[in-house]
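Peer 1: Residue numbers (numbering that gives the first Met the number 0), protein chains in the order written: chain A, 0 to 124; chain B, 0 to 598.
Simulated from the structure, these hints should not be mistaken for laboratory data.
The C-beta atom is built at its ideal place from N, Cα and C for all residues, glycine as well.
Do not take every clue at face value.
[Stated by the list, open to error] With a straight-line Cα cutoff of 20 Å, these simulated SDA-like cross-link-like pairs (lysine to any residue) come out:
#1 B:K141 to A:R73
#2 B:K347 to B:G171
#3 B:K141 to A:E5
#4 B:K84 to A:K11
#5 B:K84 to A:N108
#6 A:K1 to B:G266
#7 A:K59 to B:K84
#8 B:K84 to A:R73
#9 B:K84 to A:E15
#10 A:K11 to B:G258
[Unchecked claim] Counterexamples of contact, computed for chain A against chain B with all Cβ distances above 12 Å:
#11 E5
#12 I9
#13 E15
#14 G26
#15 A34
#16 A42
#17 A54
#18 Q65
#19 L74
#20 V88
#21 K97
#22 N108
#23 K110
#24 C112
#25 A120
[What the hints assert, rightly or not] One side only, chain A facing chain B, incomplete, derived with CB under 7 Å:
#26 M0
#27 K1
#28 V17
#29 L19
#30 R20
#31 I27
#32 M50
#33 N57
#34 K59
#35 N60
#36 G67
#37 V71
#38 Q85
#39 P111
#40 Q114
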Amino acid sequence: MKSLAELEEIRKRTLEKVNLRKDRGEGIRVVVGMATCGIAAGARPVLNAFMEEVAKRNLKNVTVAQTGCIGVCRLEPVVEVYIPGQEKVTYVKMTPEKAVQIVNEHIVNNKPCIQYTIGAAEKRN
Amino acid sequence: MELVRSHVLVCGGTGCTSSGCEKIIKEMENQLKKNNLDKEIRVIKTGCFGLCALGPIVIVYPEGAFYSMVKPEDVQEIVEEHLLKGRIVKRLLYDETIEEDDTVKSLNEVDFYKKQMRVALRNCGVINPENIEEYIAFDGYKALGKVLTEMTPEQVIDTIKKSGLRGRGGGGFPTGLKWEFTAKAQGDQKYVACNADEGDPGAFMDRSVLEGDPHSVIEAMAIAAYAVGANQGYIYVRAEYPIAVSRLKIAIAQAKEYGLLGQNIFGTDFNFDLEIRLGAGAFVCGEETALMTSVEGHRGEPRPRPPFPAVKGLWGKPTLLNNVETYANIPMIILKGAEWFASIGTEKSKGTKVFALGGKIQNTGLVEIPMGTTLREIVEEIGGGIPNGKKFKAAQTGGPSGGCIPADLIDTPIDYDSLISIGSMMGSGGLIIMDEDTCMVDIAKFFLEFTVDESCGKCSPCRIGTKRMLEILEKITNGNGTMEDIENLEILCKNVKSSALCGLGQTAPNPILSTLRYFKDEYIAHVQDKKCPAGVCKSLLAYTIDAGLCKGCGICAKQCPVNAISGERKNPYKIDTEKCIKCGVCMEKCPFKAIFKNH
Numbered sequence: 000m001k002s003l004a005e006l007e008e009i010r011k012r013t014l015e016k017v018n019l020r021k022d023r024g025e026g027i028r029v030v031v032g033m034a035t036c037g038i039a040a041g042a043r044p045v046l047n048a049f050m051e052e053v054a055k056r057n058l059k060n061v062t063v064a065q066t067g068c069i070g071v072c073r074l075e076p077v078v079e080v081y082i083p084g085q086e087k088v089t090y091v092k093m094t095p096e097k098a099v100q101i102v103n104e105h106i107v108n109n110k111p112c113i114q115y116t117i118g119a120a121e122k123r124n
Numbered sequence: 000m001e002l003v004r005s006h007v008l009v010c011g012g013t014g015c016t017s018s019g020c021e022k023i024i025k026e027m028e029n030q031l032k033k034n035n036l037d038k039e040i041r042v043i044k045t046g047c048f049g050l051c052a053l054g055p056i057v058i059v060y061p062e063g064a065f066y067s068m069v070k071p072e073d074v075q076e077i078v079e080e081h082l083l084k085g086r087i088v089k090r091l092l093y094d095e096t097i098e099e100d101d102t103v104k105s106l107n108e109v110d111f112y113k114k115q116m117r118v119a120l121r122n123c124g125v126i127n128p129e130n131i132e133e134y135i136a137f138d139g140y141k142a143l144g145k146v147l148t149e150m151t152p153e154q155v156i157d158t159i160k161k162s163g164l165r166g167r168g169g170g171g172f173p174t175g176l177k178w179e180f181t182a183k184a185q186g187d188q189k190y191v192a193c194n195a196d197e198g199d200p201g202a203f204m205d206r207s208v209l210e211g212d213p214h215s216v217i218e219a220m221a222i223a224a225y226a227v228g229a230n231q232g233y234i235y236v237r238a239e240y241p242i243a244v245s246r247l248k249i250a251i252a253q254a255k256e257y258g259l260l261g262q263n264i265f266g267t268d269f270n271f272d273l274e275i276r277l278g279a280g281a282f283v284c285g286e287e288t289a290l291m292t293s294v295e296g297h298r299g300e301p302r303p304r305p306p307f308p309a310v311k312g313l314w315g316k317p318t319l320l321n322n323v324e325t326y327a328n329i330p331m332i333i334l335k336g337a338e339w340f341a342s343i344g345t346e347k348s349k350g351t352k353v354f355a356l357g358g359k360i361q362n363t364g365l366v367e368i369p370m371g372t373t374l375r376e377i378v379e380e381i382g383g384g385i386p387n388g389k390k391f392k393a394a395q396t397g398g399p400s401g402g403c404i405p406a407d408l409i410d411t412p413i414d415y416d417s418l419i420s421i422g423s424m425m426g427s428g429g430l431i432i433m434d435e436d437t438c439m440v441d442i443a444k445f446f447l448e449f450t451v452d453e454s455c456g457k458c459s460p461c462r463i464g465t466k467r468m469l470e471i472l473e474k475i476t477n478g479n480g481t482m483e484d485i486e487n488l489e490i491l492c493k494n495v496k497s498s499a500l501c502g503l504g505q506t507a508p509n510p511i512l513s514t515l516r517y518f519k520d521e522y523i524a525h526v527q528d529k530k531c532p533a534g535v536c537k538s539l540l541a542y543t544i545d546a547g548l549c550k551g552c553g554i555c556a557k558q559c560p561v562n563a564i565s566g567e568r569k570n571p572y573k574i575d576t577e578k579c580i581k582c583g584v585c586m587e588k589c590p591f592k593a594i595f596k597n598h
């Protein structure tokens, strides 16, 4: 170890790997429904797309988690986004492309993608 | 970069290792592979989470789901339900984490963790102790870097002095002062050493730090070496801690590889090397002079002080000797500042203290609390109370060197001075909880048996005195004691306390003195009434069958290992007290609860 900068380098590099375990308090949570219905409808690529996009943009306060069946199996894959202090937003019939868009528009710019929400899907029916 | 979406932390402390965590890790890896999840989910073996009673423990992040008492056959369910489908397996969760409305609460809100504050244990159960980069990610070695590049040795010592940190091995000597004495001592060669010879029955704080976060001790020793002007360190750890020793070895090798031990650390002219010395597990080697004699390769026996190690230590050179937990606090004090540390705790006892909670308590395990927390909070809130609805009787702090705290002093704040004032001591952190079924004379006898075994024999007060004290205790528990014996015992205790050579002998009478102080009536009951009020001392017990309740089934007679019970079917049976060995099997097996223990 030759300098503090070198130490900081290792710290940053490893922090990304252990960040999942850090107590982050009130951050943004993206929850992907990963029950049998969700997986069958393609939740796994959606989850991966969220993970990749969050990592690519280096969003430290976002947790991507999974949950069980949310209940509306016909609209799977379902994803819920929790931003502290705001109403939870439920997205339905998700795809990896939509996931990228949601990270960019909703999580980064705080503009929910209304067209993909459960409300919009219900209206169409 | 590989995307990992979930971390599965499996406790690899000694407690969970003995309850089978290795099998769980293996099964977890197999199951993950089977479900094609091995790329996106990482399994990490960590140090102790603290709740050893519920081991093996598995925590899944990012959800923070806390699974307790996991069995290898449960792993498939966790993988298929939780990791694949995202449904937390509630059946395996630690009960306390489930709210009444069936939602899962965060670990920090659980009673066991709520009142705790983790400073020395900050990384235990969080990082992989066998990976130096994870320690670095959690600000590891940053304190060493700061010290070497921005601070003078005097500033470091000043920071430690201002923090108010006191020795965590039990003595409670101000750490900063010790560092200053060693720094000021004259000598061409100085050493730093770490006392990891944790010997109290029931204590495992230091072991858990070494197993869960070995780098924190290595980093702190390097900081100490810089502050006192040493370039060589020794960690004296008992060979009975194989997991701690192997993790320490790995950690030292990694620190050398990363240039955090060795020559020109952080590009400065500071050099520091570290070696492990294995102890054979003698209790006396936890005493500082005996420890150093043992490190030098001689038989571990103490010598008189002064000279103190700060003046004449290892090989006659000035040596700084601190305990594992003391060291574990150092990096945090450097990083967060003396004021931060001094803001925790009480006026004279700063910071936190780790306790190994054991005995008659629901949540056996490792807890770290701010100084000044009351014993009641530890027993009733963190510890979850006494099992089976029994009453709290006393707590033993400081193991065989300490004393007991009776139930009416349960609101005593835990700090160095409060404990001394009630005749106990902080000790290294063993905290044994006793309920109403514990005989205090028997407890004193237990600890005396330990010190008689462990006395090194160098000085006669300890070698002979402890043996005579034990003999008197045996006489009393056998029902042959006299009131004069109790008086003699007290006199003998005071003599040994004031004349023994080292800490072992000087503190050996403490368990007797404190039980005499708070539970003299129990001693008197053994002597005058020939009764053991708690029903423990076998010689003073008699088992009898209540003729009215006995249905004459004969089960007791069949179970009795010495054929002491006789009788005819359908008639009340009888116990021959001459033959009876008082094992209690008959009472346990009687379906009609007709057998009683008279005490």
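Peer 1: Look at each hint and say if it fits the structure.
Peer 2: Hint check results:
Among the hinted pairs, K141 (chain B) with R73 (chain A) is inconsistent with the structure: their alpha-carbon atoms are about 52 Å apart, more than 20 Å. Between K347 (chain B) and G171 (chain B), the direct Cα distance comes to roughly 10 Å. Compliance with the 20 Å bound is thereby established for this hinted pair. Note on K141 (chain B) and E5 (chain A): the hinted pairing holds, with a Cα-Cα distance of about 11 Å set against a maximum of 20 Å. Between K84 (chain B) and K11 (chain A) the CA atoms are separated by roughly 31 Å; this puts the pair beyond 20 Å, and the hint is violated.
Taking the CA atoms of K84 (chain B) and N108 (chain A), the gap is about 30 Å. The hint is violated against a cut of 20 Å. Distance hint between K1 (chain A) and G266 (chain B) is fulfilled; the C-alpha atoms sit about 5 Å from each other, no more than 20 Å. At most 20 Å may separate the alpha-carbon atoms for a hinted pair to count; K59 (chain A) and K84 (chain B) exceed this at roughly 25 Å. This hinted pair checks out: K84 (chain B) and R73 (chain A) have alpha carbons roughly 17 Å apart, not beyond 20 Å.
Distance check on the hinted pair: K84 (chain B) and E15 (chain A) sit about 24 Å apart at the alpha-carbon level, beyond 20 Å; violated. Taking the CA atoms of K11 (chain A) and G258 (chain B), the gap is near 18 Å; set against the 20 Å cutoff, the hint holds. Interface exclusion of E5 (chain A) from chain B breaks down, the closest Cβ pair being 9 Å apart, not more than 12 Å. With a minimum CB-CB distance of about 5 Å to chain B, I9 (chain A) fails to clear the 12 Å threshold, and the non-interface call is violated.
Distance to chain B contradicts E15 (chain A) as a non-interface residue, since its nearest Cβ pair spans about 7 Å, not more than 12 Å. A Cβ of chain B approaches the Cβ of G26 (chain A) within 12 Å, the least distance being about 10 Å, so the stated non-interface status is violated. Here A34 (chain A) does not stay apart from chain B, with its beta-carbon only about 5 Å from theirs, under the 12 Å limit. A42 (chain A), annotated as away from the interface, has a beta carbon of chain B within 12 Å; the closest lies near 9 Å.
Some Cβ of chain B comes within 12 Å of the Cβ of A54 (chain A); the nearest lies about 6 Å off, and the non-interface call is violated. Once the 12 Å rule is applied to beta carbons, Q65 (chain A) is inconsistent with being away from chain B; the minimum gap is 3 Å. Against the 12 Å criterion, L74 (chain A) stays outside the reach of chain B, whose nearest CB is about 17 Å from its own CB. Distance to chain B confirms V88 (chain A) as a non-interface residue, since its nearest Cβ pair spans about 18 Å, more than 12 Å.
The beta carbon of K97 (chain A) is kept farther than 12 Å from every beta carbon of chain B, the shortest such distance being approximately 18 Å. Look at N108 (chain A): its CB is around 23 Å from the nearest CB on chain B, clear of 12 Å, so calling it non-interface holds up. Listed as outside the interface, K110 (chain A) is consistent with that label: its C-beta sits roughly 25 Å from the nearest C-beta of chain B, beyond the 12 Å cut-off. At roughly 22 Å from the closest C-beta of chain B, the C-beta of C112 (chain A) stays outside 12 Å, upholding its exclusion from the interface.
For A120 (chain A), the shortest C-beta to C-beta distance to chain B comes to about 21 Å, beyond the 12 Å cut-off, and the non-interface label holds. The beta carbon of M0 (chain A) comes within 4 Å of a beta carbon in chain B, closer than 7 Å, and the hint placing it at the interface holds. Hint on K1 (chain A) holds. Least Cβ distance to chain B is approximately 5 Å, under the 7 Å limit. Given hint, V17 (chain A) at the interface with chain B, holds; its Cβ is 5 Å from that chain's nearest Cβ, closer than 7 Å.
At its closest, the beta carbon of L19 (chain A) sits 5 Å from a beta carbon of chain B; the interface hint therefore holds under the 7 Å criterion. Annotation: interface hint on R20 (chain A) holds; nearest CB of chain B at approximately 5 Å, less than 7 Å. Here the hint on I27 (chain A) is broken, as its CB sits about 12 Å from the closest CB of chain B, past 7 Å. Checking M50 (chain A) against chain B by beta carbon gives a least distance of about 5 Å; that is within 7 Å, so the hint holds.
For N57 (chain A), the interface hint is violated, since its Cβ never comes within 7 Å of a Cβ in chain B; the closest pair sits about 11 Å apart. Using the Cβ-Cβ criterion of 7 Å, the hint placing K59 (chain A) at the interface with chain B is not satisfied: the shortest such distance is roughly 13 Å. About 12 Å separates the beta-carbon of N60 (chain A) from the nearest beta-carbon of chain B, more than 7 Å, and the hint is not met. For G67 (chain A), the interface hint holds, the least distance from its beta-carbon to any beta-carbon of chain B being 4 Å, beneath 7 Å.
The interface hint given for V71 (chain A) is broken, as the beta carbon of that residue sits about 15 Å from the closest beta carbon of chain B, more than 7 Å. For Q85 (chain A), the suggested interface contact is broken, since its CB lies about 20 Å from the closest CB of chain B, more than 7 Å. For P111 (chain A), the interface hint is violated, the least distance from its beta-carbon to any beta-carbon of chain B being 22 Å, above 7 Å. Annotation: Q114 (chain A) was flagged as interfacial toward chain B, and the flag is violated, the nearest CB pair being 25 Å apart, outside 7 Å.
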